[in-house]
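J.: From just these sequences and the hints, can you work out the full model?
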Amino acid sequence: MSLITLKDLLSHARENKYAVGAFNITNLDLIDTLIDAAIEENSPIILQIAEVHFKYLNFEEIGPAIINAAKKVRIPICVHLDHGQSFQTVMRAIRAGFTSVMFDGSHHPIEENIRQTKEVVNAAHSVGVSVEGEIGAVGGEAIGEQAATAHAAEKSLFTKVEEAIRFKEETNTDAMAIAIGNVHGLYKGEPDLDFDRLIQIRDATKVPLVLHGGSGISDQDFKKAVSLGINKINFYTGMSQKAVISVKEYLDKTPGAISYPDLVGKAMQSVKETVRDRLRVFGSSGMCTAEKSICISCDEESCQLEDPRFKPESKTVLYSDLVERISKEVLDQLK
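Using the working numbering, the letters of the sequence shown map in sequence onto residues 1 to 335.
Keep in mind that the hints were calculated from the coordinates and are not lab data.
Pairwise CB distance ranges, derived in the manner of DEER restraints: (1) D332 to R115: 14 to 24 Å; (2) I165 to H125: 15 to 25 Å; (3) Y260 to K224: 40 to 50 Å; (4) E111 to K17: 27 to 37 Å; (5) Q88 to E169: 18 to 28 Å; (6) E111 to E40: 40 to 50 Å.
Taking lysine to any residue pairs in the SDA-like style, the calculated list, with each CA pair at most 20 Å apart, reads: (7) K155 to L193; (8) K223 to D196; (9) K223 to I199; (10) K224 to E15; (11) K248 to D262; (12) K118 to H107; (13) K242 to T254; (14) K168 to Q200; (15) K248 to M268; (16) K223 to D277.
Nothing here was measured: the structure is a model prediction, and the numbers come from that model.
Note that CB positions come from ideal geometry on N, CA and C, so glycine has one too.
T.: So, in structure tokens, the structure goes:
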């Protein structure tokens, strides 16, 4: 199956009422760990890099590594830029071969958010790359040592239905991240999602909706949110937290440990278990089995199954083709 765009992947998720898990990568070890988790669950997956995590990695080096790993497996994988803060960052991701990008202009007034998001959409769509935008403001973004700070959702920043309608109509994004009581990182108190607002936004926009700040939300609320129109769920803090806890437990039991590879191995095993569990909760587990195949195009090495729900002209994005198109078309857009 190889690479897939966010638009195609979430179209299938929306039709079949499940959500695709999107997990952030901050080092090379996470690449195979996340892919293995998805393979073991027969699930599609979104591998993403957030701009706030650029401090931990070399984007131009790890991006192709993710894409190369994704091309070698037979499950659908979307490689996505998470919370891109500028047009330049988005272009870096497209040049690297990402099949999807998020431009986050939610910190701007709505007019400026729409203007900049529309600019990104025009450039990305010209080379077949999907775009996620954000309307409303999902708070709590924190990294490093500050990540342990808990945050509460601010109702005044929740996504307004009328603004969501305008945002979709004027930007033509393929997916929309919304604020309905969700926050990034740790929650202060119990999450209280506004499901009525979610229903109104779903019915008014008819676009795949994205839930950021997935760590800390109960399984029951996840399943309800998915049933009401959430098709992509971002989840990072929870798996990072589980990795740290597993390392602490390992060191408590073996205080004389000096093997770094074993330390990393414990952390990655914890991440895999956490991600597999989330894929089940989100409803994507088993979507790559024969009777639920979401293959768009097949080759001699694939399962040979075709999904009639997709138009014949639809196809996965091939990395070599995408880079060639980018070299010509994106540069034309910038002239």
